[in-house]
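J.: When you get a sec, could you build the whole thing from the sequences and use the hints?
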Amino acid sequence: MVAASNALKPMRISRLTLLLALAFLLISFTAPAQDSVRAVRRAKSTTAPAMPTNVEPIDTAGLKDLISKPKDKPLLVNFWATFCDPCRDEFPDLVKVDKDFRPKSIAFVTVSLDDMTDIKTTVPQFLAQMKATMPAYLLNVSDPEPAINAVDPKWQGELPATFLYNAKGEIVFKAFGRVNTDALREAIERLAKN
Amino acid sequence: MKKRTVSIVLAALFVITAAVIAGSGRSNEVPAPPAIGTTVDEFTLPDVNGQEHTLKSLKGKNGIVLIFIAVQCPVSNAYNDRMEKLAEDYKDKGIAVIGINANSSEDAATVKAHAAEKHLTFTILKDAGNKVADKLGAARTPEAYFLDANNKLLYHGRIDNSQNPDAIESSDLRNALESALAGKPIEKPEAKSFGCSIKRA
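Top line first, the protein sequences correspond to chains A and B.
In terms of the numbering used here, the first sequence is residues 1 to 194.
In terms of the numbering used here, the second sequence is residues 1 to 201.
I should point out that these hints are in silico values taken from the structure, not numbers from a laboratory.
Careful, some of the hints might be misleading.
Stated by the list, open to error - Taking lysine-lysine pairs in the DSS-like style, the calculated list, with each CA pair at most 25 Å apart, reads: (1) A:LYS154 <-> B:LYS188; (2) B:LYS131 <-> A:LYS154; (3) B:LYS152 <-> A:LYS154; (4) A:LYS99 <-> A:LYS131; (5) A:LYS64 <-> B:LYS188; (6) B:LYS91 <-> B:LYS61.
Since the model is a prediction, treat every value here as computed from it, not as a measurement.
T.: Next comes the structure, spelled out in structure tokens:
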């Protein structure tokens, strides 16, 4: 056993050297590429106007009004919270959807389920970080059930949840849990064609 | 004859394609929960140590509360103390309180470590294939089901109205348990709240 492990030692060292060399090569090749990507991102972010993210409180009546009032175009609503991992994970995709379709094809609002005490802190901070410019609300209710049922009686309240309403106010697409962005884009494009 | 076979095959393909397209739109929808009053079938699930339990073996003489919980969900974690207290308070009243973790992202060892860290002493079952979560139409954490001694579903929904213990106005689950113990009908057998979606396998 001892002899065998000794015999293996030189080979381990040479493998380690080889790995280190490879890692060094990889880092030296990829690092400049990443820097240039960052530089492009920096350039983009400085040209875009810094939008202050204002989050408005909304109650159940306000939410009902928002989704049921007559619309001139489809409405996309995303329910999310800063404490919800899949909500944060899907947010960059939703910001892309927003950039691609609003205001031409859809209206888009987000409704946060964070606590009212977060309305000036963590919620706008996250939205600013995401460069999210769609109108942002925070549900301010003591009992969440009427709000959940007003949106969709089949919804149990799991987050995130995304609903697309046509101009008539009917739900034409919904997703509970992380949204399939391709399916959402298809649904928006289908509405735009009609 | 051949033409007919071809047209049947084409028709079948069309139907299958249509079904796939129609189905894809609601791929992440959870099965509907059983209606209040429905009798829930017996099931067997392992706890975090791998030991199998039947619903029957866990149930108290006055019923059982099953709560879908999570390791990572801050809403579920906000209820840790309240769930532990509930289990403590109803043990002597013949109602067992059991946790079920159905998140595919959280394995038995993770659930066990989390329970130890948060001082959760009630039994926690691991529903690795969402078998029971699907049967009960559980969508989020925390989400509670109260079954009587005959497995009849008496209450389904939230523990109370707010994850913030200072803002509780309606202790819906406790109210349901108290009504059942007093032999009274449950005034509010269903109540919703926000929670984290269960990550299904």
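J.: Indicate, hint by hint, whether the structure satisfies it.
T.: Verification of the hints:
1. A:LYS154 <-> B:LYS188: holds, 17 Å
2. B:LYS131 <-> A:LYS154: Satisfied, since the Cα-Cα distance of roughly 20 Å is no more than 25 Å.
3. B:LYS152 <-> A:LYS154: This hinted pair holds, its Cα atoms lying about 22 Å apart.
4. A:LYS99 <-> A:LYS131: holds, 10 Å
5. A:LYS64 <-> B:LYS188: With a Cα-Cα distance of about 23 Å, the restraint between A:LYS64 and B:LYS188 holds, given a limit of 25 Å.
6. B:LYS91 <-> B:LYS61: It holds: about 10 Å lies between the C-alpha atoms, which stays within 25 Å.
Comparing the model with each numbered hint stated earlier shows that all of them hold.
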